[in-house]
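Residue 346 in the numbering used here sits at position 354 of the sequence shown, with consecutive numbering throughout.
No lab work stands behind these hints: they were computed from the structure. Any given hint could turn out to be false.
[Unchecked claim] Pairwise CB distance ranges, derived in the manner of DEER restraints:
#1 E214 x G321: 49 to 59 Å
#2 A97 x G212: 27 to 37 Å
#3 G181 x G321: 49 to 59 Å
#4 G117 x A231: 29 to 39 Å
Here the structure is a predicted model, which means the values were calculated and not measured. For glycine and all other residues, C-beta sits at the position ideal for the given N, C-alpha and C.
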Amino acid sequence: MTPTSVRTRSGRAGGSRPVVAVAPLAVLPLLALVLGGCTSTGGASSSGAPTTSSSEAATLGGTGSSADPAPADAAPADAATAPDLDVTGFVLEGADPDLVDASAASLDVVGVDGVLLASDGASVGSPSLEAEAHRDAAHARGLQAQLLMSNFDERLGDFSEPIASALLSSPANRSAVAADLASRVSSGGWDSVMIDLEGLTAADSAGLTAFAGELRAAVGPEVRLDVALQASTTEEGYAELGYDVPALAASLDHLTLMAYDEHGPWEPDDPGPVGSLDWTIDSLAALTGLAPTDQVVLGVAGYGYRWGGGEPAGQITDEEARDRVEDAGGTARWDSAAAEQTATLADGAVLWWSDARSLDTRVSLARGLGLAGVAVWSLDLSDPVEVDAG
């Protein structure tokens, strides 16, 4: 993995910490607006998450400026003229299909993870009965169902670059997998597909671009096609991660930025935000320098991580994070610069998590930038997704 990469949308694995750049001057006013208008230092979130105030000033890209607190429902000045956001909630195939109920009123799409590439890269598996149950649950609620296709290797417990390379480097494999996916969509009633190939390198870029074009030709123009992108704070970093972003944008409908896993259990001695706001904005600035903003979807974490406290570092749900803090007699603190919750417990455990309030902040950011939407990973980990109409 390159220094600018992060590993996985699911929390199933981890990689090296991204290099964080100073926020470009063009986005500093927006960051000030988001911090000042959408991350208040008091009040309760819609999920009941702790909203303990923070005395720390929010520093804007190292400028030393601080944002004045404002009501949590304050919106960017141009929000009234922005198109409504497309909202996706991801689910693992083994999760309870009924959990979408708590978020259905705000969702447009349920993204189901999904189907896996074969180890030789020449075919893709069939959706499981559990995945099909999520598809049916989405349709029963009037939502679109998106099928995720990934290079996750269950034997390794991680995404596999060799599996992705076996697909992307072979014209025959690309054609076969594109035909497989088109058949799954047509016969299974899926509304869209997301390409979720992670752990790529620059050598995979041309093959990924070719595969995106071949998949578009196979499914036709009426099927929504998206790709998940790992985050980089520089335009060059996206190329190093295997993404020819302008070329992908030409074939696909949306580019979903996985703006999470800035820190995680793979750094057992370096706890920090799951996806801090300034890092998210830096990553968006680099991405939108390469692709139209109205094709970009902001991926948002709906989970957290814990470190220390006498147990291995690991993932926690939003609810588990609050329960751990309460059980330990601790206090959660809203970190206004990161726009995440954090707590340090008496046993030395450190927790960071991205909850409903964190999502509110990033929804305002997405609207302010004119992005296509937001996507939450994942409904089985997160607070209920509540996104007000724009």
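Against the structure, the hints:
The beta-carbon spacing between E214 and G321, approximately 55 Å, falls within the hinted interval of 49 to 59 Å. The hint said 27 to 37 Å for the Cβ distance between A97 and G212, and at roughly 31 Å that hint holds. Range check, G181 to G321: Cβ separation about 50 Å, and the 49 to 59 Å hint holds. For the pair G117 and A231, the supplied restraint of 29 to 39 Å holds, since their beta-carbon distance comes to about 30 Å.
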